[in-house]
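One line per chain: the protein sequences are A and B, in this order.
Using this note's numbering, read the first sequence as starting at 97 and increasing by one per residue.
Using this note's numbering, read the second sequence as starting at 97 and increasing by one per residue.
Hint data in this document are derived by calculation from the structure and do not stem from the laboratory.
Errors might be hidden in some of the hints.
[Stated by the list, open to error] No farther apart than 30 Å at their CA atoms in a straight line, the calculated lysine-lysine pairs in the DSS-like style are these:
#  : chain 1 : residue 1 : chain 2 : residue 2
1  : A       : Lys485    : B       : Lys166
2  : B       : Lys196    : A       : Lys498
3  : A       : Lys356    : B       : Lys166
4  : A       : Lys356    : B       : Lys356
5  : B       : Lys356    : A       : Lys166
6  : A       : Lys166    : B       : Lys147
7  : A       : Lys441    : B       : Lys598
8  : A       : Lys598    : B       : Lys356
9  : A       : Lys441    : B       : Lys196
10 : A       : Lys166    : B       : Lys441
11 : B       : Lys147    : A       : Lys356
12 : A       : Lys498    : B       : Lys356
13 : B       : Lys498    : A       : Lys266
14 : A       : Lys147    : B       : Lys498
15 : A       : Lys598    : B       : Lys266
16 : A       : Lys441    : B       : Lys166
17 : A       : Lys498    : B       : Lys441
18 : A       : Lys266    : B       : Lys485
19 : A       : Lys445    : B       : Lys212
20 : B       : Lys441    : A       : Lys196
21 : B       : Lys485    : A       : Lys388
22 : A       : Lys482    : A       : Lys147
23 : B       : Lys598    : B       : Lys498
24 : A       : Lys388    : B       : Lys388
Now for the letters of each chain:
Number of protein chains: 2
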Amino acid sequence: MTNPNNREAQSPHPMQTTNQPIVIYDTTLRDGAQTEGLSMSLEDKIRIAHKLDSLGVAFIEGGWPGANPKDGEFFQRLQAEPLVNAEVVAFCSTRRPGTKANEDPMLVPIVAAGTKWITLFGKSWDLHVTEGLRTSLDENLAMITDTIAYLRGRDRHVIYDAEHWFDGYKANPDYALQTLGAAIDAGAAWLVLCDTNGGTLPDEVAEITDAVIAHFGDRLTLSNLGNQPGRENQSNQVRLGIHTHNDAGVAVANALAAIKHGAMMVQGTINGYGERCGNANLCTVIPNLQLKMGYPCLAETQLQQLTDVSRQVSELVNLAPYEHAPFVGLSAFAHKGGIHVSAVKRNPKTYEHIEPETIGNRRRIVISEQSGLSNVLSKAETFGIKLDKNDATCRHILQQMKELEQNGYQFEAAEASFELLMRQAMGDRPKFFALSGFRVDSDSDPDGNVHVVAIIKVLVKGEEKLIASEGNGPISALDAALRKALVEFYPAIAQFHLTDYKVRILNSNDGTNAKTRVLIESSNGEERWTTLGVSSNIIAASYQALVEGLEYGLILAQAKEPIAAGLSQ
Amino acid sequence: MTNPNNREAQSPHPMQTTNQPIVIYDTTLRDGAQTEGLSMSLEDKIRIAHKLDSLGVAFIEGGWPGANPKDGEFFQRLQAEPLVNAEVVAFCSTRRPGTKANEDPMLVPIVAAGTKWITLFGKSWDLHVTEGLRTSLDENLAMITDTIAYLRGRDRHVIYDAEHWFDGYKANPDYALQTLGAAIDAGAAWLVLCDTNGGTLPDEVAEITDAVIAHFGDRLTLSNLGNQPGRENQSNQVRLGIHTHNDAGVAVANALAAIKHGAMMVQGTINGYGERCGNANLCTVIPNLQLKMGYPCLAETQLQQLTDVSRQVSELVNLAPYEHAPFVGLSAFAHKGGIHVSAVKRNPKTYEHIEPETIGNRRRIVISEQSGLSNVLSKAETFGIKLDKNDATCRHILQQMKELEQNGYQFEAAEASFELLMRQAMGDRPKFFALSGFRVDSDSDPDGNVHVVAIIKVLVKGEEKLIASEGNGPISALDAALRKALVEFYPAIAQFHLTDYKVRILNSNDGTNAKTRVLIESSNGEERWTTLGVSSNIIAASYQALVEGLEYGLILAQAKEPIAAGLSQ
Numbered sequence: 097m098t099n100p101n102n103r104e105a106q107s108p109h110p111m112q113t114t115n116q117p118i119v120i121y122d123t124t125l126r127d128g129a130q131t132e133g134l135s136m137s138l139e140d141k142i143r144i145a146h147k148l149d150s151l152g153v154a155f156i157e158g159g160w161p162g163a164n165p166k167d168g169e170f171f172q173r174l175q176a177e178p179l180v181n182a183e184v185v186a187f188c189s190t191r192r193p194g195t196k197a198n199e200d201p202m203l204v205p206i207v208a209a210g211t212k213w214i215t216l217f218g219k220s221w222d223l224h225v226t227e228g229l230r231t232s233l234d235e236n237l238a239m240i241t242d243t244i245a246y247l248r249g250r251d252r253h254v255i256y257d258a259e260h261w262f263d264g265y266k267a268n269p270d271y272a273l274q275t276l277g278a279a280i281d282a283g284a285a286w287l288v289l290c291d292t293n294g295g296t297l298p299d300e301v302a303e304i305t306d307a308v309i310a311h312f313g314d315r316l317t318l319s320n321l322g323n324q325p326g327r328e329n330q331s332n333q334v335r336l337g338i339h340t341h342n343d344a345g346v347a348v349a350n351a352l353a354a355i356k357h358g359a360m361m362v363q364g365t366i367n368g369y370g371e372r373c374g375n376a377n378l379c380t381v382i383p384n385l386q387l388k389m390g391y392p393c394l395a396e397t398q399l400q401q402l403t404d405v406s407r408q409v410s411e412l413v414n415l416a417p418y419e420h421a422p423f424v425g426l427s428a429f430a431h432k433g434g435i436h437v438s439a440v441k442r443n444p445k446t447y448e449h450i451e452p453e454t455i456g457n458r459r460r461i462v463i464s465e466q467s468g469l470s471n472v473l474s475k476a477e478t479f480g481i482k483l484d485k486n487d488a489t490c491r492h493i494l495q496q497m498k499e500l501e502q503n504g505y506q507f508e509a510a511e512a513s514f515e516l517l518m519r520q521a522m523g524d525r526p527k528f529f530a531l532s533g534f535r536v537d538s539d540s541d542p543d544g545n546v547h548v549v550a551i552i553k554v555l556v557k558g559e560e561k562l563i564a565s566e567g568n569g570p571i572s573a574l575d576a577a578l579r580k581a582l583v584e585f586y587p588a589i590a591q592f593h594l595t596d597y598k599v600r601i602l603n604s605n606d607g608t609n610a611k612t613r614v615l616i617e618s619s620n621g622e623e624r625w626t627t628l629g630v631s632s633n634i635i636a637a638s639y640q641a642l643v644e645g646l647e648y649g650l651i652l653a654q655a656k657e658p659i660a661a662g663l664s665q
Numbered sequence: 097m098t099n100p101n102n103r104e105a106q107s108p109h110p111m112q113t114t115n116q117p118i119v120i121y122d123t124t125l126r127d128g129a130q131t132e133g134l135s136m137s138l139e140d141k142i143r144i145a146h147k148l149d150s151l152g153v154a155f156i157e158g159g160w161p162g163a164n165p166k167d168g169e170f171f172q173r174l175q176a177e178p179l180v181n182a183e184v185v186a187f188c189s190t191r192r193p194g195t196k197a198n199e200d201p202m203l204v205p206i207v208a209a210g211t212k213w214i215t216l217f218g219k220s221w222d223l224h225v226t227e228g229l230r231t232s233l234d235e236n237l238a239m240i241t242d243t244i245a246y247l248r249g250r251d252r253h254v255i256y257d258a259e260h261w262f263d264g265y266k267a268n269p270d271y272a273l274q275t276l277g278a279a280i281d282a283g284a285a286w287l288v289l290c291d292t293n294g295g296t297l298p299d300e301v302a303e304i305t306d307a308v309i310a311h312f313g314d315r316l317t318l319s320n321l322g323n324q325p326g327r328e329n330q331s332n333q334v335r336l337g338i339h340t341h342n343d344a345g346v347a348v349a350n351a352l353a354a355i356k357h358g359a360m361m362v363q364g365t366i367n368g369y370g371e372r373c374g375n376a377n378l379c380t381v382i383p384n385l386q387l388k389m390g391y392p393c394l395a396e397t398q399l400q401q402l403t404d405v406s407r408q409v410s411e412l413v414n415l416a417p418y419e420h421a422p423f424v425g426l427s428a429f430a431h432k433g434g435i436h437v438s439a440v441k442r443n444p445k446t447y448e449h450i451e452p453e454t455i456g457n458r459r460r461i462v463i464s465e466q467s468g469l470s471n472v473l474s475k476a477e478t479f480g481i482k483l484d485k486n487d488a489t490c491r492h493i494l495q496q497m498k499e500l501e502q503n504g505y506q507f508e509a510a511e512a513s514f515e516l517l518m519r520q521a522m523g524d525r526p527k528f529f530a531l532s533g534f535r536v537d538s539d540s541d542p543d544g545n546v547h548v549v550a551i552i553k554v555l556v557k558g559e560e561k562l563i564a565s566e567g568n569g570p571i572s573a574l575d576a577a578l579r580k581a582l583v584e585f586y587p588a589i590a591q592f593h594l595t596d597y598k599v600r601i602l603n604s605n606d607g608t609n610a611k612t613r614v615l616i617e618s619s620n621g622e623e624r625w626t627t628l629g630v631s632s633n634i635i636a637a638s639y640q641a642l643v644e645g646l647e648y649g650l651i652l653a654q655a656k657e658p659i660a661a662g663l664s665q
């Protein structure tokens with residue numbers, strides 16, 4: 097069988113040690129789906145599973161078959177489009193109290209999902225047995241034994257998630273250890289210590305992990321997994337895993353502590369999605385383990401995909417990426433202060449804890465209110481614009497930028513607009529067309545159907561055009577009108593399309609009178625660029641960003657092929 | 097002098113131990129200001145300083161006087177509006193290489209700021225001395241000694257921030273320790289170990305903190321601070337502090353590790369603001385120290401302000417609050433899954449690691465796609481609506497909610513709209529008015545000035561009204577038209593105003609054809625409520641949320657005083 101963590105493929109790494117490889121278990125599709133505000137379609141789940149597979153995680157927890165139609169269908173679909181390396185895992189609880197596993201209808205769809213591996217969660221904390229399940233402590237042990245034996249009898253490998261492990265151990269260590277013992281005896285391959293409520297601190301995790309290892313002695317396997325990471329349970333080896341939540345803000349530190357003390361599997365989610373404050377963020381755990389602690393997890397080329405996977409998953413689940421996320425965030429290697437910028441340009445080690453490229457991120461020099469001249473110069477350099485620091489133009493740009501930022505402009509995320517501003521100051525901004533106003537009428541009938549018409553007037557290459565266009569909304573109508581007016585003069589426009597549209601209300605306390613900042617991302621199929629507009633009128637702000645988006649796209653086209661861009665006149 | 101941490105005021109706490117009190121040092125106004133996307137006016141800084149003062153932090157780092165006009169003015173302003181308990185601190189670097197402290201103009205505005213305490217940062221890492229400052233290792237030691245002596249000679253107390261401490265110690269422990277020794281000899285009251293690049297892991301922080309304590313022996317004070325928390329340096333006592341960044345996702349765990357190993361001050365920011373991935377989040381560090389580790393930090397009543405302070409600061413700096421933040425986030429005690437909801441209602445300990453009230457947060461039962469009947473019932477209960485779980489209406493509501501959520505509706509943040517939906521299903525939604533369509537025309541002249549007119553037609557109490565109104569933008573024009581039409585029939589409307597307006601683009605990949613979800617928060621001066629609208633047309637979505645906002649406000653008014661609400665007919 098293939099090795100899901102591709103350890104063979106790893107090239108030597110400066111921190112490579114004799115540490116055991118760690119098995120990465122992703123639960124974005126199940127525990128991550130509990131995030132407030134997150135929703136995934138079946139299609140989203142399939143796409144995320146394939147991305148995780150190519151990233152190189154060992155296990156992908158797909159959902160609880162039978163809990164809702166979507167989770168059941170997911171496993172069906174994956175049989176038609178199987179994963180290349182990763183094992184997909186079905187998730188469920190121990191059987192209900194007072195029945196038998198082979199009589200519990202809950203387990204029927206679990207087995208029917210057809211996965212080789214099943215993750216089963218059971219109660220470790222006496223409080224949850226008596227108050228949650230309202231059954232006896234002995235019956236809970238029987239539920240663990242019976243359910244695992246039932247699944248083992250159907251040739252399934254079992255990962256046992258010991259829910260509320262740390263709270264349970266603190267409340268009643270003897271009983272908590274009995275639940276793990278029951279899981280070992282019944283044939284579980286992994287015991288995963290779960291900090292379900294997320295309130296445990298790293299030193300407690302370390303201590304309690306030590307206590308588990310001491311208690312079970314050689315019934316647990318702590319040796320290097322070699323090329324068979326315990327994913328087949330032929331040899332009756334039982335290993336420890338860790339599953340943490342971030343309610344005390346230390347989910348990552350807790351996971352690292354457990355690994356250091358002997359756990360060999362880490363469960364977590366992409367971007368730390370999960371109920372309440374989320375699960376351990378795999379995008380943080382993996383680089384810490386691999387780059388800082390010397391535990392191999394992914395191949396080097398897979399690790400380089402981490403930033404992309406983080407952003408793609410956040411797009412698929414439709415949550416804005418968290419810009420300040422460690423390692424993979426847009427700001428993770430962004431330098432704003434003038435001193436930092438000049439130092440980091442001399443030697444990146446001075447202000448960067450790792451090389452951003454190792455996890456597929458990149459350094460950014462941020463243009464902002466606090467920018468010094470060195471930031472502007474550095475930005476100009478990346479745009480390929482020649483600017484001298486003793487030049488008055490340079491100070492003029494800085495001045496103008498600061499004034500605009502006072503009025504709500506923010507160029508950090510809109511580099512194309514900033515480049516246009518620089519070109520304007522240098523007299524190097526091409527004039528592709530001139531606009532004279534717009535009009536947008538939105539008309540709603542009593543049933544709520546809205547009809548929108550936009551009209552623009554544009555002067556292009558000596559011709560004045562008055563163009564009307566319809567659209568779903570005022571912005572799409574304006575966008576359609578602009579393209580319609582310009583495409584015959586600039587055929588490159590036919591390739592342009594909008595890829596993202598973001599609205600931010602500034603001083604939102606002012607209600608609908610507040611200023612609006614609009615960011616529009618455009619693409620020509622190869623490159624992407626972002627422009628912005630600011631106005632108290634959302635339509636005017638969007639229009640500004642739309643127009644600059646077209647203009648910037650034409651500059652890119654012109655750089656490639658002056659004629660195609662229509663500048664042959 | 098007053099005790100900034102108000103330890104005397106603390107009432108007994110279940111976890112109270114003999115642990116030393118920890119001094120809280122806030123740098124939101126200085127290091128936090130480095131956050132990408134964050135900007136603060138002078139007025140914002142003053143307001144935040146007073147909020148931090150009332151929260152009970154010991155030190156508030158206000159900025160670097162002289163670095164920009166805003167920071168200088170801040171210290172002037174605070175002399176006119178002084179803080180009650182906290183000490184405000186000016187921040188600066190050691191003097192420049194090759195000069196004398198009393199000849200370095202950088203230090204003039206620092207002393208002129210008039211604070212009793214000054215935080216001075218200096219280099220610990222040989223790489224930064226030679227590559228960053230481009231000076232000799234000896235000159236760096238002289239810069240530390242000379243600058244501290246200069247400030248001590250002007251009666252200032254000095255907190256020495258050892259920049260890049262952990263990286264410096266790892267690269268050249270002897271030299272790093274010499275820099276701290278120089279700071280002690282020159283009269284610093286605090287040595288703060290800074291993980292400036294944020295790449296250190298908790299076990300390293302613990303080890304290196306131990307090494308510092310072992311090296312300096314009784315030149316450091318580790319005893320309980322009693323009622324004089326070392327803020328005056330009369331006795332030549334020198335104590336350790338910790339300053340961490342979150343680049344490896346473990347800033348909080350690092351701060352806790354240093355405290356456990358002997359540090360007595362923690363530096364951090366509200367909401368973890370700070371460059372790149374941010375600083376240690378005081379909203380996470382403080383409750384962990386006080387509630388879980390037994391180190392007194394704030395009085396109990398001050399700790400209860402923590403959630404409010406977190407949200408108020410995020411409003412002032414105009415960044416959306418991070419909903420999944422530990423302890424203080426909107427989602428931190430939100431329960432979504434059906435099983436969790438029924439268990440947590442029986443015994444909160446089952447799924448909550450602390451009582452949310454201790455830090456001023458509250459439990460929330462979330463209405464969402466995954467909601468079971470128990471969530472709907474629990475929500476109805478908080479609305480004061482009587483609903484029986486065996487009632488067909490209840491299932492109908494659940495069904496309808498799920499369908500709407502498929503179409504982009506999300507009731508989690510729009511409880512007023514959800515209550516209207518429930519009332520509708522139960523035949524208990526008053527019909528205050530009937531609308532028949534709207535029209536909005538936006539007209540821009542060539543200079544970009546936009547003129548907006550909205551027209552609505554409404555049937556209210558048997559009268560048909562056709563009303564036109566102008567506005568800054570299409571939404572404010574519609575809002576004005578609705579009020580104008582209705583206020584004579586429902587005078588309560590005169591008190592209503594919009595307090596927040598949020599736009600979220602769903603499936604933003606579809607560009608301007610994507611669906612838009614609008615959330616509008618309204619207020620009557622006493623209560624606040626949030627409504628939502630969804631449409632591919634941003635104006636239609638906003639209109640829906642506006643109309644529901646008025647409707648819900650009228651229900652509230654009617655409950656108080658049927659006649660004033662205009663329902664006397």
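How the hints compare with the structure:
As the CA atoms of Lys485 of chain A and Lys166 of chain B are separated by approximately 25 Å, the hinted pair is consistent with the 30 Å bound. Only pairs whose Cα atoms come within 30 Å are accepted, and Lys196 of chain B paired with Lys498 of chain A is rejected, the gap being roughly 34 Å. A distance of roughly 47 Å separates the Cα atoms of Lys356 of chain A and Lys166 of chain B; the hinted pair therefore is violated under the 30 Å criterion. About 19 Å separates the Cα atoms of Lys356 of chain A and Lys356 of chain B, which keeps this hinted pair within 30 Å; it holds.
Only pairs whose Cα atoms come within 30 Å are accepted, and Lys356 of chain B paired with Lys166 of chain A is rejected, the gap being roughly 47 Å. For the proposed pair Lys166 of chain A and Lys147 of chain B, the alpha carbon gap of about 47 Å is over 30 Å, so the pair is violated. This hinted pair does not check out: Lys441 of chain A and Lys598 of chain B have alpha carbons roughly 39 Å apart, beyond 30 Å. With a CA separation close to 44 Å, the supplied pair Lys598 of chain A and Lys356 of chain B exceeds the 30 Å bound.
Our distance criterion of 30 Å between C-alpha atoms is met by Lys441 of chain A and Lys196 of chain B, whose separation comes to about 28 Å. With a C-alpha separation of about 28 Å, the suggested pair Lys166 of chain A and Lys441 of chain B falls inside the 30 Å cut-off, and the hint holds. Distance hint between Lys147 of chain B and Lys356 of chain A is unfulfilled; the C-alpha atoms sit about 41 Å from each other, more than 30 Å. The hinted pair formed by Lys498 of chain A and Lys356 of chain B fails the criterion: a straight-line CA distance of about 44 Å is larger than 30 Å.
Only pairs whose Cα atoms come within 30 Å are accepted, and Lys498 of chain B paired with Lys266 of chain A is rejected, the gap being roughly 40 Å. Restraint check for Lys147 of chain A and Lys498 of chain B: the C-alpha separation of about 28 Å stays at or below 30 Å, so the hint holds. With a C-alpha separation of about 44 Å, the suggested pairing of Lys598 of chain A with Lys266 of chain B is violated against the 30 Å cut-off. At most 30 Å may separate the alpha-carbon atoms for a hinted pair to count; Lys441 of chain A and Lys166 of chain B meet this at roughly 28 Å.
For the given pair, Lys498 of chain A sits about 52 Å from Lys441 of chain B by alpha-carbon distance, which is inconsistent with the 30 Å threshold. Pair hint Lys266 of chain A plus Lys485 of chain B does not hold up; C-alpha atoms about 37 Å apart against a cutoff of 30 Å. Annotation: proposed proximity of Lys445 of chain A to Lys212 of chain B is violated, straight-line Cα distance about 35 Å (limit 30 Å). The suggested pairing of Lys441 of chain B with Lys196 of chain A holds, with an alpha-carbon distance near 28 Å, which does not exceed 30 Å.
For the given pair, Lys485 of chain B sits about 53 Å from Lys388 of chain A by alpha-carbon distance, which is inconsistent with the 30 Å threshold. Only pairs whose Cα atoms come within 30 Å are accepted, and Lys482 of chain A paired with Lys147 of chain A is rejected, the gap being roughly 40 Å. Annotation: proposed proximity of Lys598 of chain B to Lys498 of chain B holds, straight-line Cα distance about 22 Å (limit 30 Å). As the CA atoms of Lys388 of chain A and Lys388 of chain B are separated by approximately 28 Å, the hinted pair is consistent with the 30 Å bound.
Comparing the model with each numbered hint stated earlier shows that hints 2, 3, 5, 6, 7, 8, 11, 12, 13, 15, 17, 18, 19, 21, 22 do not hold.
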